[in-house]
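Residue strings, one per chain:
There are 2 protein chains.
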Amino acid sequence: MISSKWVVLVIYAMEDGPVRYGEFSRRIEGISKKMLTQTLRQLERDGLIERDIHPTVPPAVEYRLTALGESLLPFMRQLKTWAAANLPLVEAARTRFDAQSLAE
Amino acid sequence: MISSKWVVLVIYAMEDGPVRYGEFSRRIEGISKKMLTQTLRQLERDGLIERDIHPTVPPAVEYRLTALGESLLPFMRQLKTWAAANLPLVEAARTRFDAQSLAE
Numbered sequence: 001m002i003s004s005k006w007v008v009l010v011i012y013a014m015e016d017g018p019v020r021y022g023e024f025s026r027r028i029e030g031i032s033k034k035m036l037t038q039t040l041r042q043l044e045r046d047g048l049i050e051r052d053i054h055p056t057v058p059p060a061v062e063y064r065l066t067a068l069g070e071s072l073l074p075f076m077r078q079l080k081t082w083a084a085a086n087l088p089l090v091e092a093a094r095t096r097f098d099a100q101s102l103a104e
Numbered sequence: 001m002i003s004s005k006w007v008v009l010v011i012y013a014m015e016d017g018p019v020r021y022g023e024f025s026r027r028i029e030g031i032s033k034k035m036l037t038q039t040l041r042q043l044e045r046d047g048l049i050e051r052d053i054h055p056t057v058p059p060a061v062e063y064r065l066t067a068l069g070e071s072l073l074p075f076m077r078q079l080k081t082w083a084a085a086n087l088p089l090v091e092a093a094r095t096r097f098d099a100q101s102l103a104e
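From first to last, the protein sequence lines are chains A and B.
Residue numbers for the first sequence follow full-length UniProt numbering, so the first one is 1 and each next one is one higher.
Residue numbers for the second sequence follow full-length UniProt numbering, so the first one is 1 and each next one is one higher.
No lab work stands behind these hints, which were simulated from the structure alone.
Virtual Cβ for every residue (Gly too), placed ideally from N, Cα, C.
Each pair of labels, with its calculated beta carbon distance range:
no.	chain 1	residue 1	chain 2	residue 2	range
1	B	L87	A	K5	13 to 23 Å
2	A	L102	B	P88	39 to 49 Å
3	B	A83	A	L87	19 to 29 Å
4	A	E29	B	T56	45 to 55 Å
5	A	P18	B	A92	18 to 28 Å
Working from the sequences, and respecting the hints, build out all of it.
In structure tokens, the structure reads:
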């Protein structure tokens, strides 16, 4: 279910309200179209977001969090705070681990 | 980094202290040896767990959370509570989504 960094970032992008499909890639650095489509589909399937299609020409597709999706936001915020505080420690651990693996 | 259901369950398994390699598969239903080894390696590389090798015959490998790993436990508990409360809603959403996809 909640299984990737992209899920966290895509949910987080809708924190302040609905987001159009094209807007996600501007807000989320490095997400491919394929990964965005796959993540949005998974979140919609899990009932965490809803999709609205506006009958403009061409039709505009908008996504927003459901109540269930919004109930995850507190986690996302805490996880984001945790990551900001601890990512340097994780990256240092990775450097040490990789150096050790090379030496073995 | 934190990217799979198995990561959550493996971290959670060490909540009360060190766990031997063989013990994980008894505690975590459905985890394959390959996935367990891969997850433990990722967590060790990220500095979230440490590995001790005891010189018994055969040698026993034990894993435990580092301070960094332990700082994630509050999330894991909240996520577990969230999942227990909301999994039925997610599963119902999936059933609806799959039925709609078939009808399209």
